[in-house]
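Student: Just so you know, the sequences run in chain order L and W.
Throughout the first sequence, residue numbering follows my numbering, covering 1 to 284 in sequence.
Throughout the second sequence, residue numbering follows my numbering, covering 1 to 214 in sequence.
If you are wondering where the hints come from, they were derived from the structure by calculation, not from laboratory data.
Backbone N, C-alpha and C define an ideal beta-carbon position, used for all residues, glycine too.
A portion of the hints provided could be inaccurate.
What the hints assert, rightly or not - Facing chain L, a subset of chain W residues (Cβ under 7 Å, in silico):
(1) Thr52
(2) Tyr54
(3) Asn60
(4) Gly73
(5) Ile77
(6) Gly78
(7) Ala112
(8) Ala127
(9) Ala161
What the hints assert, rightly or not - Where chain W lies over chain L, by a calculated footprint (3+ residues, C-beta under 8 Å):
(10) 54-67
(11) 247-260
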Amino acid sequence: MTNLMAFARGKGLAAAKGGAPARLLFDEPGPRARRRIRVATVVASLAVLALLLLAVRQFAAAGQLDAARWQPYATWPMWRYLLNGLWSTLLAAVVSAALAMAGGLVLALGRLSSRRPVRWASAAYIEVVRTVPALLLVYVVLFALPRYGLDLPLFWKLVVPLAVSNAAAFAGIFRAGVLSVDRGQTEAGLAIGLTRGRTMRMIVLPQAARRVLPSIVSQSVGLLKDTSLGFVVSYAELLYSGKVLANYNHLLIQTYIVVALVYLVVNASLSKLARTLESRQARA
Amino acid sequence: MDALSGNLPALWDGLVVTLRLTLLALAGAFAIGAVVATARVSPVPVLRAAGTVYVETLQNIPLLVLLILAVFGLPEIGVQAGLFTTAVVVIALYQAAYVAEALRSGINSVAAGQGEAARALGLTFTASLRHVVLPQALATVVQPLGNIVIMLTMNTSLAAAVGVVELTAAANRVNLIEAQPIPIFVGAGVAYMLLASVAGYVTGVLERRLAIVR
Chain L
1 MTNLMAFARG KGLAAAKGGA PARLLFDEPG PRARRRIRVA TVVASLAVLA
51 LLLLAVRQFA AAGQLDAARW QPYATWPMWR YLLNGLWSTL LAAVVSAALA
101 MAGGLVLALG RLSSRRPVRW ASAAYIEVVR TVPALLLVYV VLFALPRYGL
151 DLPLFWKLVV PLAVSNAAAF AGIFRAGVLS VDRGQTEAGL AIGLTRGRTM
201 RMIVLPQAAR RVLPSIVSQS VGLLKDTSLG FVVSYAELLY SGKVLANYNH
251 LLIQTYIVVA LVYLVVNASL SKLARTLESR QARA
Chain W
1 MDALSGNLPA LWDGLVVTLR LTLLALAGAF AIGAVVATAR VSPVPVLRAA
51 GTVYVETLQN IPLLVLLILA VFGLPEIGVQ AGLFTTAVVV IALYQAAYVA
101 EALRSGINSV AAGQGEAARA LGLTFTASLR HVVLPQALAT VVQPLGNIVI
151 MLTMNTSLAA AVGVVELTAA ANRVNLIEAQ PIPIFVGAGV AYMLLASVAG
201 YVTGVLERRL AIVR
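Please build the complete structure, drawing on both the sequences and the hints.
Tutor: Encoded structure:
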């Protein structure tokens, strides 16, 4: 009896502190639901474990788990090489992000322009580029432009197509940001005698910039993933460095798994940053 | 223009491969995505954690890395599968993470009262998800899902980088023979745009059909 009362008090306390969030699909489970959840937990854990065991068995059977095959990735020279690749990845990502954002801003302002031809041209660019694969653009830069006498350096062969294709995505983000600013802000700016351009630059854009920050960060994750097309261009970013390394040491699986993990760590941190920024803005 | 019309069969074959890749991967992505989204909203903590790990892992590793790992890595651990099949499975698994996120945000947008009402009627977790919550969730995520379809169509081109001869690879091959890049690459680009506009059109129709007027 006392146990039960203590239990009820404990629950009441948790609910009062907001410990039990309002759930859409299930209530605070009762005894039967708890039993079912326990069963499901055991079954799910066993299934996950079985999958892992299966994978480990396959790897072990093929001799891919031998210490000798993983040993190299405990040494500094391997990591120095891969980290150099990561540095090139980041460089390509930052430069193409900067170009794509500049282009995206111009396109977004073009779409919001009061002149019809400008509006149409920007909309056409965005629609066309959004529906053409980045790899096709890379092939154009690799194989088509040199025929017309434009043979870019390796770095730009990767950066230009990425900037061209991501500009459309950034344009969409900036446009949504500008439109999310209350119309009264523009009206107030015009009312105190600022020109349209100055209203946009001094009043609307600063407010829009803060709102689109989380979207920009998550779009940058996409852009960072796109830099793996350096594999096709033979620009020595992370993935291509992995390819070179795997050709040299014949540790194909190990190398690509390490490369994948590096991408995972970098991108997951960026995604986390985007989520943090978003929740901070939701609170503000 | 001759370069384009003279090589239409090769480009057409590429387009067919792109279409098959897209449709098969799409079916897989929606099926896996629905399962992962269900896991992420389930009352079982282990399933929720597994769903989160799945989404985080697949969304943060470039598709090209996954394709290379699967195409060149799987034979090394004794798993033999055809190139096309491998590409379909990898693209489906990758896009499933995006489908799952879209579905989950849709599910979260359904009012809590709907779930409570379903439970009050005595529906189980799966029944209330299937009959009450998902139909409403789907109506709100038609647009995001349409964007995922377009993204998937674009992403099938990455299969070219591991040796599948789909539209992008076909265009590149034809160009290497004909050396007429402009008509060939523009032709391929237009084909992709048509595929994407079909996806956009279907999305628009579905959105009007499914819209819930309150």
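Student: Does the structure break any of the earlier hints, and which numbers would those be?
Tutor: 1, 2 and 8
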